[in-house]
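Protein sequences appear in the order of chains A and B.
In terms of this note's numbering, the first sequence has 119 at position 126, counting the first letter as 1, and numbering is strictly consecutive.
In terms of this note's numbering, the second sequence has 1269 at position 306, counting the first letter as 1, and numbering is strictly consecutive.
Treat the hints as calculated values from the structure; they're not laboratory data.
For each residue, glycine too, the CB sits at the ideal point set by N, CA and C.
Hints should not be assumed to be uniformly reliable.
[What the hints assert, rightly or not] A short, non-exhaustive set of chain A residues, derived as facing chain B with CB atoms under 10 Å: (1) K100; (2) R105; (3) L107; (4) R216.
[Claimed, not checked] Derived pair list, reagent style DMTMM-like, types lysine to aspartate or glutamate, alpha-carbon separation capped at 25 Å: (5) A:K2 with A:D44; (6) A:K17 with B:D1045; (7) A:K112 with A:E168; (8) B:K1288 with A:D174; (9) B:K1233 with A:E18; (10) B:K1224 with A:E14; (11) A:K17 with B:D1235; (12) A:K201 with A:D85; (13) A:K2 with A:D83; (14) A:K112 with B:D1227.
[What the hints assert, rightly or not] Here are some of the chain B residues that sit facing chain A, going by a computed Cβ distance under 8 Å: (15) R1208; (16) S1209; (17) L1211; (18) A1212; (19) R1215; (20) A1221; (21) L1228; (22) T1238; (23) R1262; (24) R1272; (25) E1276; (26) E1300; (27) A1305; (28) N1306.
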Amino acid sequence: MNSQLPDAKILIIDDDRELGEMLKEFLAPDHFELSACLSGEDGLQELQEGDYELLILDIMLPGASGIDVLKQLRQSSDIPVIMLTARGDDVDRILGLEFGADDYISKPFNPRELLARIKAILRRSGPASSRGQHATVGALELDVRARRVTAEGESIRLTGTEFELLRCLAESPGEVVSKDDLSRHALGRRYMPYDRSIDTHISNVRRKLADAGVSSPSIQSQRGVGYCLLVDDNTV
Amino acid sequence: MRSLLIRIFTSFWSIIVITIVAAGALGYAYAERARATMQNFEISDAMLEASEALREDGREGLTEWLRSLPGITASLVYVLDDRGSDLLERRLPPPVQIAMRRFGGPRFRRPPPREFGNLRPARPFTQLIGPDNHVYTFFVLPPQGNVARWLFERGGLGIVFLALLISAAVSYLLARAISQPIRRFRESAVAIANGDLGTRVTDRVGKRRDEIGLLAQDFDRMANELQRAWLRQTELTRNVSHELRSPLARLRVALELARRKTGDLPEYDKIDAETGRLDELIGQILEFSRLDSETHEERTLINLDELIRPVVEDVRYEHDRAGSKARIAFDSGSGAEVRGYANALRSGVENVLRNAMQHGGDDGEVQVRLRAEPSHAVITIVDQGGGVAEDELDRIFEPFYRSKKGRRESRTGSGLGLAIAARAIAMNNGTVMASNDAAGLRVAIRLPLADP
């Protein structure tokens, strides 16, 4: 599908050894090199040592739960994370997204779907597109190439997905962007019914902006439609 | 709970009041007897004996006579010499002092006693002159024990009032000492029933060594067990879910690997679809069993319009994507708010709506209406799928029940959707009822409105 993608190293943390083996075989033709860790502790260790580009994390782990692993991981790393969650377990899913997972897929998943998500996220976090490298919206400065956001010189840490959402909204301040568009841009997939991930990511961004003391621009929600970035007129 | 306090209080207090009244009555009876004796005293021969005694043995004789009087009478008769002192050296009661001032005359060399309010003076009964020319004055105390007089003239009312007050206070404290811990127990039981399994009662009633303290300990042990059982149950459900899903996950990956190696076969799609169905079923069983134990969610104020709108959008979106021509119309004429568990309620509405979409005919319209009645919010979901047989209207909310029509159409529902809905709505103190409408099934969800 995308031939420029070099071999990418992916780590999966899941206590199901066989599943890891089969996934390794499944992903190999697409130039993904999958390694598997069976526990969160091993996984965190392995992530520090290898140069992985993406983590697939099972939330239902024996020992330290996936959420704990995610919390620890996010203290030091912005590596994209796809969570494996139980279908219908909204609590885990929302917790995971709140703690900085980029996307989730419910287990048992269709492996082709997993492959599509891996590609979407890696493509997104690959070399920046030819679009504008810098954008300034209100008090925010977006450095697209470095995927960095600063407010008055202070840098705000966003995960890849959160950055993409903000960038997508910043391209057209004042205009409502539908959840479907946001989902395609930030997650590389269509908006799914019952999917609250966009809302959760957006609320993460809002929280981080608020923590950094940024009051403009602010993200407004248009119920049932999408979101829009509003810049306070005084500060333009 | 108040009633127990009141009952114990009234029991104790009425016993005390009865005791006071009985004591008063006894005292009254005793005084009546004394009065009767005194009346006899007036007409008896006692005075003759007294004058005899005085004549023969002078002052000593009279003193001896006085000492020999029977108990009750003796306490009511005072004999004073002309210096104003009682022959038996007794302290003079106020009535005698008043009488002394009024009738004693100049022979008494005592300062006039002070006023004694509205006390009645004693009757100066008679005076005798002894052989030594001394005058001995006899006083007889007015008949005592007239309760009414004691009450109203001698400050007795205040004493009675004070006694009632003290006994009421004591009764109240005692009643509270019993009913208060019971209230605490009840609060804890309610908290546990509402899902706060960490509630313990020992912290609330404090450390006590009596029966209540022991009961508190037993109660807490029970709560401990309950919490452990609940945790085990949750753990089990999670584990089952995990254990069932792992093979399914491997199955799906294996299937894709097989597809790659052998090329596409129609059977693979079938396997894939069935795997998906199994997964969905496990998810629904989990959701169903979780509704029983899912109490870590907080009750919040829920605006029903805001809750239903996204659900309608999601279901509509899902069906559009699946190429279905079924439509949903949402008619909300109310800002009704209820207090409850938002996730459960959302799931309840969603399951009813999905059921309606599934059975409502391929190009039918499902109508969702939200209305507010004086005390309830009513959500009605009406489809155009022809409804179900009358005798099945209640049964469709049972787990895994499939209506005859549903079975004929071999639809692919899990059979749990409406059961989940019924349970989720019951959790929110609501009711759900199905009836047959002109064109299809009408499901009405009634929820008590939140207090404004």
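Hint numbers not upheld by this structure, sorted from lowest to highest: Hints 6, 7, 13, 20, 21, 23, 26, 27 contradicted; others consistent.
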